[in-house]
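Given chain A, put chain B in place with the hints provided.
Protein sequence lines, in the order shown, are assigned to chains A and B.
The opening residue of the first sequence carries number 1 in our numbering; numbering runs sequentially from there.
The opening residue of the second sequence carries number 1 in our numbering; numbering runs sequentially from there.
Please keep in mind that the hints were generated in silico from the structure rather than gathered at the bench.
Each hint should be verified, as a subset may be incorrect.
What the hints assert, rightly or not - Examples of chain A residues toward chain B, derived with CB under 7 Å: (1) Asn108; (2) Gln156; (3) Asp189; (4) Ala193; (5) Ala473; (6) Tyr474; (7) Glu477; (8) Thr481; (9) Val483; (10) Ser523.
Virtual Cβ for every residue (Gly too), placed ideally from N, Cα, C.
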Amino acid sequence: MRQGRRKIRLFIVQCSLFCVFLFGVACAQDSAKVDTLKQQIMQAKSKEDSYAAFEEIADLYFDANKYNEFVSFLDSLGKEKKELEPLADYFTALCRYYQLKYLEEVQNWDEYFAQGNTYRDQIVASAQKVLDATAPGDAPHLYARLILWKFHKDQQDAFSDEALENLMRAAAEYAQGTADIMPVKAAADELSAYAEKGKSRELYKIYVNRVLSSDIRAEDLKNTAADFYEQGNSELAQLVYDAYLERISKDCPKGKLIPILTDIARKFSSPEAKAGDPLYAEKIFQRIEEAGGKETFEQELIYLRAKNLEKAKLYAQAKDAYIGLTRRFTDSPHADEANFKTGIIYTYILRDAKNGKDYFEKLARQEAVTPQVISALYQLGLLKQWEADNSGAGDYYQRLIDKAKGGYQQIVALAQERLKEINAAKPLDYNLQSLLDAGLKEENAGLDMTKLDLKSSPPVPKKNKEVEITSVAYTAESGCTQVQIQYLWSGDLGAAQPASTQPSFSTRYDEPGTYIVGLIAVSPSGIIDRGLAIIDVQ
Amino acid sequence: MKRFFYFTLTCIFLFTATALAAKPQPKVYIKKLKNSRYQLIVDGKPYIVKGVCYNPIPIGQNHEYDWWSDPNKPWLVDGKLMQEMGVNTIRLYQGHEDPQEVKQVIRDLYQNYGIRTILGHWLGFWEYPCPLYGDKPFQEKVKKEILEMVNLYKDEPGILLWSLGNENNYSFSGQVNSWSSDEIDKEPDPATQKFMRAKIYYSFINALAGEIHKIDPNHPVALGNGELIGLEVAKQFAPDVDLISCIIYRGKTFGNLFNSLKATFDKPILIVEFGADAYDAYLKKEDQNMQAFFLESQWRQIYENLAENKEGPGNCLGGAMFEWTDEWWKHNENDAEAWKAHDTESNWSNGSYYFDIKAPKNMNMNEEWFGIVALSEEIADGLNKRIPRKAYYVIREFWKKPDLGKDKKRKVNKK
Numbered sequence: 001m002r003q004g005r006r007k008i009r010l011f012i013v014q015c016s017l018f019c020v021f022l023f024g025v026a027c028a029q030d031s032a033k034v035d036t037l038k039q040q041i042m043q044a045k046s047k048e049d050s051y052a053a054f055e056e057i058a059d060l061y062f063d064a065n066k067y068n069e070f071v072s073f074l075d076s077l078g079k080e081k082k083e084l085e086p087l088a089d090y091f092t093a094l095c096r097y098y099q100l101k102y103l104e105e106v107q108n109w110d111e112y113f114a115q116g117n118t119y120r121d122q123i124v125a126s127a128q129k130v131l132d133a134t135a136p137g138d139a140p141h142l143y144a145r146l147i148l149w150k151f152h153k154d155q156q157d158a159f160s161d162e163a164l165e166n167l168m169r170a171a172a173e174y175a176q177g178t179a180d181i182m183p184v185k186a187a188a189d190e191l192s193a194y195a196e197k198g199k200s201r202e203l204y205k206i207y208v209n210r211v212l213s214s215d216i217r218a219e220d221l222k223n224t225a226a227d228f229y230e231q232g233n234s235e236l237a238q239l240v241y242d243a244y245l246e247r248i249s250k251d252c253p254k255g256k257l258i259p260i261l262t263d264i265a266r267k268f269s270s271p272e273a274k275a276g277d278p279l280y281a282e283k284i285f286q287r288i289e290e291a292g293g294k295e296t297f298e299q300e301l302i303y304l305r306a307k308n309l310e311k312a313k314l315y316a317q318a319k320d321a322y323i324g325l326t327r328r329f330t331d332s333p334h335a336d337e338a339n340f341k342t343g344i345i346y347t348y349i350l351r352d353a354k355n356g357k358d359y360f361e362k363l364a365r366q367e368a369v370t371p372q373v374i375s376a377l378y379q380l381g382l383l384k385q386w387e388a389d390n391s392g393a394g395d396y397y398q399r400l401i402d403k404a405k406g407g408y409q410q411i412v413a414l415a416q417e418r419l420k421e422i423n424a425a426k427p428l429d430y431n432l433q434s435l436l437d438a439g440l441k442e443e444n445a446g447l448d449m450t451k452l453d454l455k456s457s458p459p460v461p462k463k464n465k466e467v468e469i470t471s472v473a474y475t476a477e478s479g480c481t482q483v484q485i486q487y488l489w490s491g492d493l494g495a496a497q498p499a500s501t502q503p504s505f506s507t508r509y510d511e512p513g514t515y516i517v518g519l520i521a522v523s524p525s526g527i528i529d530r531g532l533a534i535i536d537v538q
Numbered sequence: 001m002k003r004f005f006y007f008t009l010t011c012i013f014l015f016t017a018t019a020l021a022a023k024p025q026p027k028v029y030i031k032k033l034k035n036s037r038y039q040l041i042v043d044g045k046p047y048i049v050k051g052v053c054y055n056p057i058p059i060g061q062n063h064e065y066d067w068w069s070d071p072n073k074p075w076l077v078d079g080k081l082m083q084e085m086g087v088n089t090i091r092l093y094q095g096h097e098d099p100q101e102v103k104q105v106i107r108d109l110y111q112n113y114g115i116r117t118i119l120g121h122w123l124g125f126w127e128y129p130c131p132l133y134g135d136k137p138f139q140e141k142v143k144k145e146i147l148e149m150v151n152l153y154k155d156e157p158g159i160l161l162w163s164l165g166n167e168n169n170y171s172f173s174g175q176v177n178s179w180s181s182d183e184i185d186k187e188p189d190p191a192t193q194k195f196m197r198a199k200i201y202y203s204f205i206n207a208l209a210g211e212i213h214k215i216d217p218n219h220p221v222a223l224g225n226g227e228l229i230g231l232e233v234a235k236q237f238a239p240d241v242d243l244i245s246c247i248i249y250r251g252k253t254f255g256n257l258f259n260s261l262k263a264t265f266d267k268p269i270l271i272v273e274f275g276a277d278a279y280d281a282y283l284k285k286e287d288q289n290m291q292a293f294f295l296e297s298q299w300r301q302i303y304e305n306l307a308e309n310k311e312g313p314g315n316c317l318g319g320a321m322f323e324w325t326d327e328w329w330k331h332n333e334n335d336a337e338a339w340k341a342h343d344t345e346s347n348w349s350n351g352s353y354y355f356d357i358k359a360p361k362n363m364n365m366n367e368e369w370f371g372i373v374a375l376s377e378e379i380a381d382g383l384n385k386r387i388p389r390k391a392y393y394v395i396r397e398f399w400k401k402p403d404l405g406k407d408k409k410r411k412v413n414k415k
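Looking at chain A on its own, in the form it has when it is part of the complex:
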């Protein structure tokens, strides 16, 4: 027993020593690397070479969160070689900027409060020294403007607008030279990360124009765009794709151009893509139509376009695309979904229950039973019940139950609830009544679905897997007085029964199909708006 303990102790001691050894080795390696990089900097023949080495050293220090040590190192470097001062000053500003962020992140408040102002001073003063010592064609000049803008932007202070103007001017001046264009892209990336989309686009354009003015082949341009897309930089990918299409469209035969456009449209309309953008995808769909006419669209492509339009909330156009699909391809595997969604868009979004019912009826008349047929019967029953035609409503609900033949349990349960209401001469469920009133009564035409946003995540859930449905109601500000909002959820709520206090909920659907979740948000001054989520479960 004692020997066992001794062995364990020995093992722990050995492990500890090994860890200390490894740490020592890592430190020694870093230290050796810093020495090597320092030598590179001292011997560098061009600014670009020394900048690369500076960046590498900075990464080593930043990764270890050794900010003060890095500033000391930069100080000594600047003293050893005067020409290095501007770069050392730039990295000093950058270092203090990251240091403040780091102190906030790890909540090292003692240093934050004691040194915060000093570090802030250093950011401004060091960046200013770089600006004084460099010309507009030098990369550090642009980087100094970038760090100053980020600093002021983070503080949201009175200087951030001016700093942004200075940055844009510096980028334009820098781009006029022949130097490497990557600093302009770096500035654009930062602007994009800060959601300054207009400004980032301006700089990306400068970058793309420079790339285009080089002898880059069309194929390489396409690959560059694809790379940006893969990196999640949708904005830049779109600009480069536009440039690529511009380059090839004059000479490219229609037969070759359309598959290229289709490929791009598919990328950007993908519901799960990080860089997806349904509006850009629709722009490409329009180019396909211009190039080859409507006939170019085979059924999968029409379906893709319709779903993309639905995702972009361009519902009227989505409805037209779904109708186009079912007219041209009557036996399309997507026909039921297209008809059902057309009915939903007509009824709940375009306030046209008459046309909506026609599409639900089309499905209800079908012999084959699909999830959409069952859902259409429920919608028809619901509309009848809302019109106070309980007998007609009861017929639809009964047909639904008969057709379901023991399946589609979640929708069958809803139909049974409605039947109970009818049999007990009770009114339609309050939340459903509110949703239908808001969507179909003339006096509620002002509820245009712009003040309430509904989202489901993941965008295409699988059956029996969790789906999160969230809402955001855009209300007038109320300061410290919290406005109590009531959330009247209705429709296909799946396994959940969200309360009226819940702005979001999680649920599961037990069958693939198209599900509809409705919401009315109510504040003390009345209905804020209505919202609808169309969820495709696989």
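Leaving out everything else, chain B in the frame of chain A:
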């Protein structure tokens, strides 16, 4: 003859000059500098408002507690601590029914510690069933109260200015303390309804400001407003107010507040309520650093926007932090038992206070934990013992050395 002419001319000149010199400047006024920059002048000198909102409710009591008549005089203990911190102003949301007691508080704070008072009025905002600003008798009632307040306290040397209303403008949308009139009820468009409410309310404020100026030329009149909402209407209908006193909770900074105001309604701004709570609703523990972090950042921005700082818009006069002490009754004002407990359940959500926004349902704002000083259940001199939080020391140091950067232009003189 010539001599007589010169003699007469000299007399006229001297008489005019003496008359002009004898016309006293108001005790407190706002000086407009070049480029719409503004400075608050008190007794002839620039004055930066370094304030706190003051409502010293002890543990176990609620807002109905009459602290004004507390024999232990909490304001004396608080005033000393405030003075040591560098506070020069308190904001009182409204006076009290006994004017002698109100005068005593104002005098004690001013005479003992040099602390001045911003005296406010709710303008009947919390009256049941709702504040009827479109109703003449209601307006008359409020006006009477306001003019009484001004007459009672205008000669108190400690008075700094009057602040009318708090976040009353949030009622324009009908979401908070909704009020209406026959004319508004007839209007179907909600946006027009909102404009009509704003017009009625701000016109009323303008009339009050005019009346106050008549009886008290020595103190400015502030329009209390939640954020900048409705001020485009105020510009049209309340031009006679001297400044805007805003309630702002935007987290680390005030964003574009100062430039936005300049563009909307070019008046000086005093941020009469801002701050951060000292409770982390996510980690479920007190976090004094988090509060100090937000407050220091907010004060830095206030200083950047003072007239003295040549690079900013220069329209800020200072601020009053919310608030001096914690108030333990706020989470559940109807349950006397709850007033004895320091409740940790959040009352509202604000994503700008990002450290604890991941709290359940994003409810991260803890109304009972906003004090710059915490209250202890331990009693000292008949009062809950005051325990300054970290923000007390951090802001004290900031006020001592409010450097905003090495650039000399960005330095602000200590006042």
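Item to complete: Could you work out which earlier hints the structure fails to respect and list their numbers in ascending sequence?
Response: 1, 3, 4, 5 and 6
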